Amino acid sequence: MALYSEKVMDHFRNPRNVGVIENADGIGEVGNAKCGDIMKMYLKIENDIITDVKFETFGCGSAIASSSMATELIKGKPVSEALALTNKAVAEALDGLPDYKMHCSVLAEEAIKNALDDYYSKHPEKKV
Amino acid sequence: MKIYADNAATTKLSKKALEAMLPFLTENYGNPSSLYTSGQLAREAVEKARETVARCIGASPREIYFTSGGSEADNQAILSAAELGKKAGKTHIVSDTIEHHAVLHTLKKLEKQGFEVTYLPAHENGIVRVEELEAALRDDTCLVTIMYANNEIGTLQPVREIGAVCRSRGILFHTDAVQAVGHVPVDVNLDNVDMLSASAHKFHGPKGVGFLYVRKGVKLLSFIEGGAQERGKRAGTENVAGICGTAVALEEAVENMPANALKLTALRDRLIKGLAEIPHSALNGDPLKRLPSNVSFCFEGIEGESLLLLLDDRGIEASSGSACTSGSLDPSHVLLAIGRVHDVAHGSLRLTLGDDATEEQVDYIIKQTGEVVSYLRSFSPVWRNLVSGKAEFIL
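These protein sequences, in sequence, are chains A and B.
If you count the first sequence from 1, position 24 lands on 24 in this note's numbering, and the numbers rise without skipping.
If you count the second sequence from 1, position 375 lands on 375 in this note's numbering, and the numbers rise without skipping.
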């Protein structure tokens with residue numbers, strides 16, 4: 001049996017939405033290099049819709065795959081849906097992660113929430 | 001291209017070893033403890049193997065005890081020395097910070113039982129200092145256990161000098177030589193060693209078998225009770241095929257050692273030179289006092305597991321001291337012990353070449369590693385902070 005599912009390997013080998021958004025509406029960064037994982041998410045938001053999302057990740061295969069999958073799950077979706085995204089949903093969309101790698105999906109969830117917090121701090125009027 | 005570059009993890013079984021093993025897995029399946037012909041054939045084979053193994057490390061056959069591998073040998077040597085030390089009122093042990101877990105975890109267990117352990121630093125070059133060892137010795141020191149060669153960074157310890165110091169102080173000296181035996185010249189007399197652990201699958205022998213050398217006159221305790229095998233020091237029916245494979249593989253490794261060491265050292269240095277050209281990278285451990293096959297690097301701004309997976313995609317099998325490859329949050333204790341900070345230790349790569357390695361393979365590894373490292377850096381927020389000046393480069 002392989003370490004990771006085919007889905008994880010696909011998102012690891014061909015990560016979606018890699019990069020940076022200049023003038024992003026929200027930026028989130030979680031994790032630390034000491035533990036071996038850092039995720040940074042950039043969001044572009046128009047009319048409460050996440051019109052674009054990019055990420056940068058320093059981390060293992062599942063950290064990169066989790067970031068990639070999380071961006072796919074929220075791209076083009078209303079902010080409310082992104083806020084409701086759970087780490088479980090990320091892991092499930094990847095056809096599962098090994099137990100000791102579940103924290104990677106948690107980081108992905110947190111990175112998105114962190115970026116949305118940043119967005120709300122810049123646009124307090126949007127907060128419901 | 002397919003390149004297995006993880007020979008410190010395990011090696012391919014030698015053909016000669018396999019041939020030596022097969023008869024004992026098929027028609028000659030007798031138990032060496034049985035008195036009839038097939039049993040005695042097996043007994044003869046085991047004793048012949050013991051002679052060969054002994055000859056390869058300058059020991060006598062009665063000083064060799066076959067075990068299930070290096071970890072068992074380490075456990076038995078250390079626990080035995082400790083228990084005998086305790087009986088004499090000596091409960092201090094000297095070791096170092098970059099030992100294999102088979103040694104470190106055994107020492108932790110002894111610490112819980114009241115033993116005191118001094119862990120010598122391995123310094124930046126991954127080598128312990130003899131003067132620091134001398135200073136650490138006490139009247140109640142019952143054992144010094146220092147590895148021959150490190151499994152992660154390949155550094156060679158000054159075993160001979162350490163052994164001489166221990167001998168002059170009348171203190172038992174054990175060395176975990178799992179990475180050394182079959183790769184560098186090991187002679188228990190020249191090296192002043194009292195106990196030595198080795199593992200067959202690290203020198204093209206089979207997995208699940210190893211041996212412990214114990215100098216004549218040094219008492220060894222048994223931890224597996226049962227029959228009188230291995231002169232009462234290790235019960236259980238002998239792994240006859242494994243033991244025969246061990247002897248043949250070791251004999252072959254020792255015979256080919258001069259030629260292999262020469263060839264591998266040149267390839268190792270070529271690999272080191274090539275990888276050092278990747279910006280913000282560094283070799284781990286002393287550049288010269290290291291195993292002929294070992295290259296260990298850290299690359300700043302990336303994480304080791306993703307590096308390994310992408311190298312695997314390109315046909316290169318290697319390993320890393322990254323936390324993500326061990327299932328823990330901390331990167332390799334060896335890399336931390338030689339002063340690599342966490343952030344950098346996560347981006348480590350260990351390449352251990354096989355005897356069949358070629359220049360072409362080494363050049364392929366250099367090229368692929370360079371490409372994968374720069375690809376991973378291209379979307380690493382750590383790397384972005386470094387190049388934009390928000391954080392300072394360490395390497």
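Read the hints as simulated data drawn from the structure, not as lab findings.
If you're wondering where the values come from, they're calculated on a predicted model, not measured in any experiment.
Glycine included, C-beta positions come from ideal geometry on N, C-alpha and C.
You may find that some hints are simply not true.
Stated by the list, open to error - Simulated restraints, written as ranges between beta carbons of each label pair:
| hint | chain 1 | residue 1 | chain 2 | residue 2 | range |
| --- | --- | --- | --- | --- | --- |
| 1 | B | LYS112 | A | LYS34 | 39 to 47 Å |
| 2 | B | GLY315 | A | LYS113 | 55 to 63 Å |
| 3 | A | LYS126 | B | GLU360 | 57 to 65 Å |
| 4 | B | ASP312 | A | GLU46 | 37 to 45 Å |
| 5 | A | GLU72 | B | LYS108 | 38 to 46 Å |
| 6 | B | THR26 | A | GLU72 | 51 to 59 Å |
To be verified - Just so you have them, the derived chain B footprint on chain A, three or more residues with Cβ under 8 Å:
| hint | stretch |
| --- | --- |
| 7 | 6-16 |
| 8 | 26-35 |
| 9 | 118-125 |
We went through each hint and held it up to the structure:
Checked against the given bound of 39 to 47 Å, the beta carbons of LYS112(B) and LYS34(A), roughly 28 Å apart, lie outside it. Our hint of 55 to 63 Å for GLY315(B) and LYS113(A) is violated, since their Cβ atoms are close to 40 Å apart. Checked against the hint of 57 to 65 Å, the pair LYS126(A) and GLU360(B) passes, with Cβ atoms roughly 59 Å apart. A hinted range of 37 to 45 Å holds for the C-beta pair ASP312(B) and GLU46(A), which are about 41 Å apart.
The hint said 38 to 46 Å for the Cβ distance between GLU72(A) and LYS108(B), and at roughly 45 Å that hint holds. For the pair THR26(B) and GLU72(A), the supplied restraint of 51 to 59 Å holds, since their beta-carbon distance comes to about 55 Å. Note: the stretch 6-16 of chain A has 4 residues with beta-carbon separation from chain B under 8 Å; the three-residue rule is met and the coverage holds. Counting residues of the stretch 26-35 of chain A whose CB falls under 8 Å from any CB of chain B gives 4; the rule of at least 3 is met.
Counting residues of the stretch 118-125 of chain A whose beta carbon lies closer than 8 Å to any beta carbon of chain B gives 0, which falls short of the minimum of three for the stated coverage.
The structure does not agree with the numbered hints 1, 2, 9 stated previously, though it agrees with the rest.
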